[in-house]
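Q: Those protein sequence lines, which keep their order, are chains H and C. Taking this note's numbering, I'd label the letters of the first sequence as residues 1 to 273. Taking this note's numbering, I'd label the letters of the second sequence as residues 1 to 169.
What the hints contain is simulated information worked out from the structure, not anything from laboratory work. Each residue gets a CB set at the ideal place from its N, CA and C atoms; glycine is no exception. One thing to keep in mind: the hints can contain errors.
Reference excerpt, derived from the structure (chain H facing chain C, CB under 7 Å, subset only) [what the hints assert, rightly or not]:
id: 1; residue: S147
id: 2; residue: Q157
id: 3; residue: P162
Over 12 Å on every C-beta distance to chain C, these chain H residues come out as not near it, computed from the model [what the hints assert, rightly or not]:
id: 4; residue: L13
id: 5; residue: D20
id: 6; residue: R28
id: 7; residue: I37
id: 8; residue: A83
id: 9; residue: N167
id: 10; residue: A173
id: 11; residue: L205
id: 12; residue: V207
Over 12 Å on every C-beta distance to chain H, these chain C residues come out as not near it, computed from the model [stated by the list, open to error]:
id: 13; residue: V4
id: 14; residue: P46
id: 15; residue: E47
id: 16; residue: L102
id: 17; residue: L142
id: 18; residue: H155
id: 19; residue: T158
id: 20; residue: G160
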Amino acid sequence: MAFVVAAIGLMVLQRSGYWDPLEGLIERPLVGVQRSISQSYYNIHDFLAAPRSLAQLQGQNAQLEAEVAQLEAQVVTLREQTAQLNVLSALLGFAREQPENQYIAASVVGRDTNPFLRYLILDQGSDSGVQRGMPVVSQNGLVGRISEVTGSASKVQLIIDPQSSVNAEIQGASPPAEGIVSGEPTGELELTFVPQDATMKAGDLVVTSGLGGGFPPDILIGQVVSVHKQDTELYQTAVIQPRDDFSTLEILLVISNFQPVNIQPLESEASSP
Amino acid sequence: MIWVIAIPLLMLATLLQSAVLAQIQIFGGSLGLVLLMVLSWSILRPEEGLVWAALGGILSDLLSGGPFGGTAIAFVIASLAAGQIQGRLWGRHPLVIMAIALLGTVISHLASLALLGITGRPVDVGYALAYVTLPSAFFNTLFILPVYSLLSQLHHATLGKPEVSDFED
Numbered sequence: 001m002a003f004v005v006a007a008i009g010l011m012v013l014q015r016s017g018y019w020d021p022l023e024g025l026i027e028r029p030l031v032g033v034q035r036s037i038s039q040s041y042y043n044i045h046d047f048l049a050a051p052r053s054l055a056q057l058q059g060q061n062a063q064l065e066a067e068v069a070q071l072e073a074q075v076v077t078l079r080e081q082t083a084q085l086n087v088l089s090a091l092l093g094f095a096r097e098q099p100e101n102q103y104i105a106a107s108v109v110g111r112d113t114n115p116f117l118r119y120l121i122l123d124q125g126s127d128s129g130v131q132r133g134m135p136v137v138s139q140n141g142l143v144g145r146i147s148e149v150t151g152s153a154s155k156v157q158l159i160i161d162p163q164s165s166v167n168a169e170i171q172g173a174s175p176p177a178e179g180i181v182s183g184e185p186t187g188e189l190e191l192t193f194v195p196q197d198a199t200m201k202a203g204d205l206v207v208t209s210g211l212g213g214g215f216p217p218d219i220l221i222g223q224v225v226s227v228h229k230q231d232t233e234l235y236q237t238a239v240i241q242p243r244d245d246f247s248t249l250e251i252l253l254v255i256s257n258f259q260p261v262n263i264q265p266l267e268s269e270a271s272s273p
Numbered sequence: 001m002i003w004v005i006a007i008p009l010l011m012l013a014t015l016l017q018s019a020v021l022a023q024i025q026i027f028g029g030s031l032g033l034v035l036l037m038v039l040s041w042s043i044l045r046p047e048e049g050l051v052w053a054a055l056g057g058i059l060s061d062l063l064s065g066g067p068f069g070g071t072a073i074a075f076v077i078a079s080l081a082a083g084q085i086q087g088r089l090w091g092r093h094p095l096v097i098m099a100i101a102l103l104g105t106v107i108s109h110l111a112s113l114a115l116l117g118i119t120g121r122p123v124d125v126g127y128a129l130a131y132v133t134l135p136s137a138f139f140n141t142l143f144i145l146p147v148y149s150l151l152s153q154l155h156h157a158t159l160g161k162p163e164v165s166d167f168e169d
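Using the sequences plus the hints, can you model the full thing?
A: Dropping the structure here:
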């Protein structure tokens with residue numbers, strides 16, 4: 001009976017609004033305890049749930065790493081394609097500047113296995129129309145000539161090979177001066193047999209002369225770096241710097257409408273008594 | 001059995017040599033993978049070393065502008081020298097193997113230069129030895145042990161344990 005009276009009393013107090021301050025006094029510590037209990041619960045929950053989240057994170061991490069690797073591979077591929085496009089664009093520009101020539105584009109697929117020789121292996125051969133003796137150029141000028149051909153590949157003797165020699169002329173020299181550019185065992189290019197009276201200085205451009213029929217005329221070979229002239233000698237010589245770094249060539253053009261002239265029979269006739 | 005192992009391995013090595021290793025030049029020298037394989041097999045099975053040398057040399061000559069057979073002759077000479085060195089020194093001690101790589105590189109390069117000279121190509125022996133052979137010999141000496149180790153494991157897996165145990169004193 002007393003509980004009923006107390007309950008009714010509390011209801012009256014609540015209705016009349018006198019209960020609220022009292023309720024606040026009682027609830028304040030309860031909420032504090034409740035908060036700490038709740039926090040503990042969440043902590044425990046997080047702790048128990050953590051392994052699952054960790055596994056998810058690890059999975060997501062692996063997935064993201066895979067995506068990053070894939071994107072990085074794409075970036076590398078795109079960079080490679082951009083570089084190739086730049087080379088092709090430059091080659092196209094070179095080909096447009098010399099419309100009298102026809103070209104076969106070829107990729108460099110290998111280099112000479114003998115460290116003392118300087119040859120390249122191209123992925124185009126006689127099946128594509130490549131023939132022995134055809135000149136090979138890059139966007140920067142002369143690279144070499146085809147020395148051997150198979151159906152699907154060919155070898156290029158670089159102009160820096162010690163056995164290579166190219167008839168050349170110095171652009172702008174007065175009087176007009178010609179010489180022979182040959183490869184050195186050291187990998188350098190040397191211009192020899194230049195007459196003493198020719199004016200030649202560092203920076204002059206050296207191009208093919210077309211003499212001898214081995215190469216078409218006016219293809220850039222390189223630039224004079226230094227001149228060696230001695231009054232006691234018949235000729236002056238010069239060191240030539242090619243525009244290309246022959247170790248990084250990737251795509252080249254074979255000039256397919258140029259047939260080298262074989263002058264060996266004439267040479268043997270001239271040398272015979 | 002020798003052909004089954006030698007041909008694909010040497011072909012792969014030759015292609016790697018031409019397409020990749022010939023491009024990687026440090027101080028003018030480059031790793032001679034085919035030569036290292038020839039020398040390693042010459043140590044493991046001296047009687048078959050010459051076959052590997054001839055085969056590796058011919059495959060290399062296919063991808064070279066030099067006189068055909070030149071590299072084969074150079075490799076055979078190097079293989080013979082490797083057999084002689086190994087027979088006279090302490091079996092397959094790592095130092096002996098490294099010495100074989102060093103001398104094998106020098107001998108094969110000298111033979112190659114001699115053949116180039118004989119066939120009328122301009123050769124500067126001093127420059128070649130200083131700026132090509134010396135760094136190449138260094139790299140080959142450095143890398144012969146892993147190449148030898150791989151071929152030794154291959155030998156063990158296919159032909160059984162070598163007659164003299166590896167790295168024996």
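Q: Hint by hint, say whether it matches the structure.
A: Hint by hint, here is what the structure shows:
1. Given hint, H/S147 at the interface with chain C, holds; its Cβ is 6 Å from that chain's nearest Cβ, closer than 7 Å.
2. Taken as an interface hint, H/Q157 checks out: its beta carbon lies about 6 Å from the nearest beta carbon of chain C, inside 7 Å.
3. At a threshold of 7 Å, the smallest CB-CB gap from H/P162 to chain C is about 4 Å, leaving the interface hint in force.
4. Against the 12 Å criterion, H/L13 stays outside the reach of chain C, whose nearest CB is about 92 Å from its own CB.
5. With 12 Å as the threshold on Cβ separation, the claim that H/D20 sits away from chain C holds: the shortest Cβ distance comes to roughly 85 Å.
6. The Cβ of H/R28 lies farther than 12 Å from every Cβ of chain C, with a closest approach of about 76 Å, so its non-interface assignment holds.
7. Non-interface call for H/I37 relative to chain C: holds, since the shortest CB-CB distance, roughly 64 Å, exceeds 12 Å.
8. Look at H/A83: its CB is around 15 Å from the nearest CB on chain C, clear of 12 Å, so calling it non-interface holds up.
9. With a least beta-carbon separation of about 18 Å from chain C, H/N167 lies farther than 12 Å from that chain, consistent with its non-interface assignment.
10. Distance check for H/A173 against chain C: the nearest CB is about 27 Å away, which clears 12 Å, and the non-interface claim stands.
11. Every CB of chain C lies more than 12 Å from the CB of H/L205, the least distance being 26 Å, so the non-interface label holds.
12. Chain C leaves H/V207 outside its interface by the beta-carbon criterion, the shortest separation being 24 Å against a cut-off of 12 Å.
13. Residue-level check passed: C/V4 sits 23 Å from the nearest beta carbon of chain H, beyond 12 Å.
14. No beta-carbon of chain H comes within 12 Å of the beta-carbon of C/P46; the shortest separation is about 24 Å.
15. Remark: the non-interface label on C/E47 is consistent with the geometry, its nearest Cβ contact in chain H lying 26 Å away (cut-off 12 Å).
16. With a least CB separation of 16 Å from chain H, C/L102 remains clear of the 12 Å interface cut-off, as annotated.
17. Separation of C/L142 from chain H is adequate, the least Cβ-Cβ distance of about 16 Å exceeding the 12 Å criterion.
18. For C/H155, the requirement that its beta carbon stay farther than 12 Å from each beta carbon of chain H is met, with the minimum near 25 Å.
19. Here C/T158 stays apart from chain H, with its beta-carbon at least about 26 Å from theirs, past the 12 Å limit.
20. Look at C/G160: its CB is around 32 Å from the nearest CB on chain H, clear of 12 Å, so calling it non-interface holds up.
Of the hints listed earlier, there is not a single one the structure fails to meet.
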